[in-house]
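Next come the chains, spelled out residue by residue.
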Amino acid sequence: MGKYLVKRLLHGAVSIIIVVGLVMVMIYSLMERDRIFAADPMYTKVASNQKTVYMYSKWEEYGYLDYVNYTDYMAEITRNGEITEETRSAAVSIARTPEKDSETVAKYVAQFTEYYESQGYTVERLNAKTSGRKLVNGGQQQLFAHKDHPLIRRMWNYFTGLLDIDNIHKVEEDIGERGLTFTWKDPVYGGDKFAPAIIGNGTHHKYLLYVNDQFPFIHQNFATINLGTSYSVNRGVDVFTTMTSSQGSYVKSPITFPTGFQEDSADDLHTATYQAGSREANPVSADRFVDDYTNVLTVKAGLSKVGYSFVIGIIATCMAYLLGLPLGVMMARKKDKLIDKLGTVYIVFIIAVPSLAYIFLFKAIGGSVFGLPTTFDMESTSKLMFVLPIVSLALPSVANLMKWLRRYMVDQMNSDYVKFARSGGLSEGEIFTGHILKNAAIPIVHGIPGAVLGAMTGAIITERVYVVPGAGNLLTEAINKYDNGVIVGVTLFYALLTVVSIILGDILMATVDPRISFSTKDR
Amino acid sequence: MDHDLKNLGKSEKELFSFHAHSDLESEKITAPRYSYWQSVFRVFFRNKLNIVILSILALLIAFAYIYPMVTEYDRFGQLFDTSAKHLYPWKAIEKFGFSIHWLLGTGASGNSTFDAIWTGSRISISLAFICAAINMTVGVIMGAIWGFSKKVDIIMMEIYNIIANVPYILLISVMVMLIGAGFWTFVMALTITGWLSIAYFIRTQVVIIRDREYNLASRCLGTSTIKIAMKNILPFMTSVIVTLLATEIPSYISYEVFLAYIGMGMSDMSLGRMIFEAESAMVTPGWEFEFWSPVAISAIISVVLYVVGQNLGDASDPRTHM
Numbered sequence: 001m002g003k004y005l006v007k008r009l010l011h012g013a014v015s016i017i018i019v020v021g022l023v024m025v026m027i028y029s030l031m032e033r034d035r036i037f038a039a040d041p042m043y044t045k046v047a048s049n050q051k052t053v054y055m056y057s058k059w060e061e062y063g064y065l066d067y068v069n070y071t072d073y074m075a076e077i078t079r080n081g082e083i084t085e086e087t088r089s090a091a092v093s094i095a096r097t098p099e100k101d102s103e104t105v106a107k108y109v110a111q112f113t114e115y116y117e118s119q120g121y122t123v124e125r126l127n128a129k130t131s132g133r134k135l136v137n138g139g140q141q142q143l144f145a146h147k148d149h150p151l152i153r154r155m156w157n158y159f160t161g162l163l164d165i166d167n168i169h170k171v172e173e174d175i176g177e178r179g180l181t182f183t184w185k186d187p188v189y190g191g192d193k194f195a196p197a198i199i200g201n202g203t204h205h206k207y208l209l210y211v212n213d214q215f216p217f218i219h220q221n222f223a224t225i226n227l228g229t230s231y232s233v234n235r236g237v238d239v240f241t242t243m244t245s246s247q248g249s250y251v252k253s254p255i256t257f258p259t260g261f262q263e264d265s266a267d268d269l270h271t272a273t274y275q276a277g278s279r280e281a282n283p284v285s286a287d288r289f290v291d292d293y294t295n296v297l298t299v300k301a302g303l304s305k306v307g308y309s310f311v312i313g314i315i316a317t318c319m320a321y322l323l324g325l326p327l328g329v330m331m332a333r334k335k336d337k338l339i340d341k342l343g344t345v346y347i348v349f350i351i352a353v354p355s356l357a358y359i360f361l362f363k364a365i366g367g368s369v370f371g372l373p374t375t376f377d378m379e380s381t382s383k384l385m386f387v388l389p390i391v392s393l394a395l396p397s398v399a400n401l402m403k404w405l406r407r408y409m410v411d412q413m414n415s416d417y418v419k420f421a422r423s424g425g426l427s428e429g430e431i432f433t434g435h436i437l438k439n440a441a442i443p444i445v446h447g448i449p450g451a452v453l454g455a456m457t458g459a460i461i462t463e464r465v466y467v468v469p470g471a472g473n474l475l476t477e478a479i480n481k482y483d484n485g486v487i488v489g490v491t492l493f494y495a496l497l498t499v500v501s502i503i504l505g506d507i508l509m510a511t512v513d514p515r516i517s518f519s520t521k522d523r
Numbered sequence: 001m002d003h004d005l006k007n008l009g010k011s012e013k014e015l016f017s018f019h020a021h022s023d024l025e026s027e028k029i030t031a032p033r034y035s036y037w038q039s040v041f042r043v044f045f046r047n048k049l050n051i052v053i054l055s056i057l058a059l060l061i062a063f064a065y066i067y068p069m070v071t072e073y074d075r076f077g078q079l080f081d082t083s084a085k086h087l088y089p090w091k092a093i094e095k096f097g098f099s100i101h102w103l104l105g106t107g108a109s110g111n112s113t114f115d116a117i118w119t120g121s122r123i124s125i126s127l128a129f130i131c132a133a134i135n136m137t138v139g140v141i142m143g144a145i146w147g148f149s150k151k152v153d154i155i156m157m158e159i160y161n162i163i164a165n166v167p168y169i170l171l172i173s174v175m176v177m178l179i180g181a182g183f184w185t186f187v188m189a190l191t192i193t194g195w196l197s198i199a200y201f202i203r204t205q206v207v208i209i210r211d212r213e214y215n216l217a218s219r220c221l222g223t224s225t226i227k228i229a230m231k232n233i234l235p236f237m238t239s240v241i242v243t244l245l246a247t248e249i250p251s252y253i254s255y256e257v258f259l260a261y262i263g264m265g266m267s268d269m270s271l272g273r274m275i276f277e278a279e280s281a282m283v284t285p286g287w288e289f290e291f292w293s294p295v296a297i298s299a300i301i302s303v304v305l306y307v308v309g310q311n312l313g314d315a316s317d318p319r320t321h322m
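Going line by line, the protein sequences match chains A and B. Residues 1 to 523, numbered by the working numbering, are exactly what the first sequence covers, in order. Residues 1 to 322, numbered by the working numbering, are exactly what the second sequence covers, in order.
No lab work stands behind these hints, which were simulated from the structure alone. Because the structure is a prediction, the values reported are computed rather than measured. Heads up, a few of these hints could be off.
Here are the simulated DSS-like pairs of lysine-lysine, each with C-alpha atoms no more than 25 Å apart in a straight line [said to hold, decoys possible]:
{"hint": "1", "chain 1": "B", "residue 1": "Lys151", "chain 2": "A", "residue 2": "Lys7"}
{"hint": "2", "chain 1": "A", "residue 1": "Lys3", "chain 2": "B", "residue 2": "Lys151"}
{"hint": "3", "chain 1": "A", "residue 1": "Lys3", "chain 2": "B", "residue 2": "Lys227"}
Not everything, but these chain B residues come out facing chain A in the computed CB check (under 7 Å) [as the list claims (entries may be wrong)]:
{"hint": "4", "residue": "Pro32"}
{"hint": "5", "residue": "Phe258"}
{"hint": "6", "residue": "Ser298"}
Non-contacting residues of chain A with respect to chain B, defined by C-beta distances greater than 10 Å in every case (computed) [stated by the list, open to error]:
{"hint": "7", "residue": "Glu86"}
{"hint": "8", "residue": "Gly176"}
{"hint": "9", "residue": "Leu437"}
{"hint": "10", "residue": "Ala441"}
{"hint": "11", "residue": "Thr491"}
{"hint": "12", "residue": "Thr511"}
Here a beta-carbon is modelled for each residue, glycine too, at the ideal position from N, C-alpha and C.
Next comes chain B alone, as it looks inside the complex (with noise of 0.2 Å):
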């Protein structure tokens, strides 16, 4: 000890000083300055790879938006041209000379394949994202009311059996010829009963940690139903709902899909009912493209949404934050 005193060069009163003592700096507990949102994008940052799938992620939507607005895309353009139908590519463009358009050949009408499908994408993904946003929405709230209280709790599980088991194409289909197959309807169709599994997966966590010890702490202590909600399970729950939006969306994308190829899709030109239209050009040799191009970018679109969607909630994760 002496040795380091004589190093620094001062007498050992020196290194001390007199501090008052300070009732309200006693309270105080020093921590490291933490900001939730902020240590999820340094982790989510962290993965290169998240960075690549992310720029992927923004170049798909910047398509599907802004591309179908600046180009005029007209399916029946070329109606009249039958030289002009289920080209290849290079054929296409031998045709018509080198332009963006004809990079995936030409579809049934004449048609530039390229454009339908970002058209296409705009309305799958516009479809994925309101469905969700919906649904996400009103599921996790009555989840955590359905969670929390036990009248709520016995009366739910009883709606839950009964809709669940309500066959969904009929439920869709019954829709759609009160309301017509507008857009507006396949949203109302796909979140009218939509959100009653997100409620009850939601339900399930909420029951998991409502009465951990934590929690019947904050209650004896006299904390309102509420805050405990928001401060204590919410927090708590942003991982397992960052996940399940990454399942969501992807999952409203293959619906639309799904229901387009049994005959029950939109009257729009989504990327589903490109696939169903399109179905006898998969077996067709030199249609190929027309049919595989919208099945590609819809799985395109899928696995991007659902890793980048898996990462955020792994990062979101406090547990990774260290």
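Isolated chain A (complex conformation) (with noise of 0.2 Å):
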């Protein structure tokens, strides 16, 4: 069994790279580039060379090409100590032909173009545009080397970058004696609490281990999940991040900051990740923060948007089982007759009308009955939202168990095993709740990892129709704004619940039924 569940386990983990590395041809070399400039009001505005030079830096805030300026590469060169600064500001500003350049310049545009092109790049310079004498607008000169990132070396980055694991080394600026420290009592708790903490200098986060009253209590920041940062969806933002992270209004308490300084602020100071000079450019951190670890997360009022999806999603399916499950089981029992019937009409109906259909028939319903709440509202603490959502999910999965229940046990209901039982004596509720049930259970079983797991995506349509702020319209909003970022890493997300839930189905079934073996012996 376990050498079997390795093998699926590696099957599966080459699928998700497959499909990972094709998401990533479809979205960065399939679809236009142009397309990302659809709704940008820069775009507009920037004319000219200045336009070709923002393409291509905009192109390398979405991860397609890696985008080198020349006057950056001077910066670049002169913080490395081969120039000095005079050097620097004497050959940084190119002419307006190459013809033009003075002797200096020339030298180093060379060194910079041989540079670049022998590691791949192309590099392009783009003469000024004039009228008579004047520059057009956005017409200056632009020197710079860009490169296509290879799909290898896409995946290898993206998949090498996938665990983040934090060190004192990770920080590049200098920042004092770098190491860890432990202690007993939290700095943020006031320092005479009892509360075990491992605080790091030099690392990216400044709390590495912490606890606090929050679910699983003991919080760790030595190894992230990074699947990709968002771009346009959540600027900056790790989708995970993106994903787990609490929405809604700010809730704030008592804070003591470093310094002293006392506030009521969201401000989760236990969050603080590293942010170079932030304290000289901002008067607000240089108050708060002793040191430049002055980016923080804050506490916010809702669940996440996995955490909205999870617990509507969960809640739908315990109900489909509840429901579902026994309704399939009076239908096979009660063969042709009303029950059944009814029961099939519903099965009809479920799956011939389109569900966006339906759900809106049960909003409508939902609505103007019952009195419920049609949209989703975070700021309320009114649980009665949550109502049609979970209605609107269950029903649906209802239909689909009651289908394959009744088919499975209407099978078995034929089966020798069924007629010796009868021949025995047996009654009918006995046969059907301790012979048919149990065999026509195995196959559902093999779903239930599948639909808990399933919950965490969310529902496309139901969140929509509903308004409720979960994961499930992240990969059409990251999709409608070309958030490559995003899609990547959802359908990592996605890929990883799918292969999971289904070993997991196989382990569960081969469980239930002790004739279902997966070694490679017996099968």
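Mind docking these for me? Both chains are given alone in their own frames, and the hints should help you get the complex.
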């Protein structure tokens, strides 16, 4: 069994890698790059050479290519100490055409070109666009190099960056003595309450281990999952954080900052990460923090995207099994009677009517007949708003379960073992619950892990119709906004859930039914 | 015995006549004449409900294909007549006089909702039929090969595991971006991977029947694989295929509606796009008709197609032909 599982997991991992590769090909190579500018107001403002440069810098941000500007290159080699500040200022401004370049400029331009071309970049020089002697709008001369990410390297970078291990050499800037300190008294709680914590200096996160009153109580930041950075959906934030961080209004509580400054704030000091030069740039940070670990997340009242989806999905799944299984059994027992026919009508309705249509129907009935809230409001404390999304998700699953359980039970009803049990004098009730249901439930059991894990991905239509701030719409939103990082991250998340839930389903099935075995000899 | 013979008025000798032995005749097996498809339709039409549903389907298809042809539907014909917008049917009839166009009131640009839903139905039904035809043909053929060959099975299982994990919405949006949001783009987007799930279903069915004793016997007697597939397995699966078709066709209508609703719909005015554009009308008092009409018609079309398909599937199972 163990060997078989390892093989299955490896197969799953390979399929996930190929899926991510396919998705990367689709979004980075097949989709037109110009599309990201469709809704960009800046794009219409810039003109001429500046537009070209703007496009390349945007493409770099969206992850299409590597882009290096001549000015940035000069600044970089100055920082390395290759050239002095004077040389830089003499060489940095290129002339309108290559012929007019001064000797120093020409030398460094040649060096720039040679360096980047040797690395496979394309170096482009755009001459100044002039009308008469004056430059046209945005027509300044430009020199830059760019290179498309090849697929293999893009995938390698993505998968190696998935798990980010924090270490004391993470911060590049000079930060003083690097190291980890362990304390029994966490300074966030005032320094006299018992609360163990590991605090780092030089690491990306300040708190690498801490305890608080939130589930699962002990938190770590040594290893963080990095599914890819969002660009337009939730700017600069990792997809995993976008999915799992809380939403809604701020929850403020009195907080004493490291400088002793006291304020009602929603900041969660445990989430502090390093942001270079932030105290110099921002007096608000300087008032509150003693070091540059100033970038904190905030505490919000609502659940996360995945949280909302999961709460709705898991209750709907439980309801579906609690209702669907007894109804399916009832339909099979009273085959061809009234209840079976009514059930069949309901199943036909759910299968045949477009899902959008019946969700709207549930919404209309729930809103007008039962007076339930039809839109989701994170600020509201009423739990009633959960009712309609849950019902809309559960009712189709009920039909599905009824359909299959009835089918499996009816198929079992004519088996020899049932006839034998009947001839042995067992009552119909005993036969149904003790024999037929046990056998018919095996394929049903296989779907349970999928239903539970699938609850995390959310439901697209239901969440849209009831305005639930869940994870279901993340993918469509990302596609509409050309947020490549989110598309790849979400795809990976979905694929992982599918693979894991199929394997878990097989394990569960083998546990329930001793006849099923996955070891190679018995198969 | 004597008694009977006397009644017939014949002697015992006359009751029998000599018949020469024929090798050819002795090989024949006499059975009642049985034509498969004739029996399918006999069983199908025996249920009077099927005739009713089939006539509703014929009516729907006639309306969807003939009605837009004989009436000129101009969506923006009355764009500038502000008093013609969002009217209840009775108000529209009062305003324009009674005509079939105003049975469901008017829409956002003063257009006739009745005309709009049939134009939309034509596109949605065409999409469903074309996609189902392509996917079923490719799916059944590929599924049969997939089920028969163990080598193909290993490769196809891996492909299936991969393709099934690529988000469908992403695939469609990429297609739409590459070749535009026209009708044929959608056909392509829905069929490029759509056949795979059908092929997988058929593969499972083929694997179940492939190694049955009668096929084994057939193979031992030297029947070619193609003949086994065509004569032994395909007839066995006709009812499965028809039942599958019954769920496939409505699913494309449902899918088209879903895609339009999330903003990735066709550029043509299909039912899905109508629902998407009229979404705000659901909650606006007085505008309900323009939202619920396309919803209702898509539901009716799907249910009718599904029921016809299911019952045809039942009828095509030879066990019901007794």
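Each hint tested on the structure:
no.: 1; hint: B:Lys151 / A:Lys7; verdict: 19 Å, holds
no.: 2; hint: A:Lys3 / B:Lys151; verdict: 23 Å, holds
no.: 3; hint: A:Lys3 / B:Lys227; verdict: 41 Å, violated
no.: 4; hint: Pro32; verdict: 27 Å, violated
no.: 5; hint: Phe258; verdict: 6 Å, holds
no.: 6; hint: Ser298; verdict: 5 Å, holds
no.: 7; hint: Glu86; verdict: 50 Å, holds
no.: 8; hint: Gly176; verdict: 47 Å, holds
no.: 9; hint: Leu437; verdict: 23 Å, holds
no.: 10; hint: Ala441; verdict: 20 Å, holds
no.: 11; hint: Thr491; verdict: 6 Å, violated
no.: 12; hint: Thr511; verdict: 23 Å, holds
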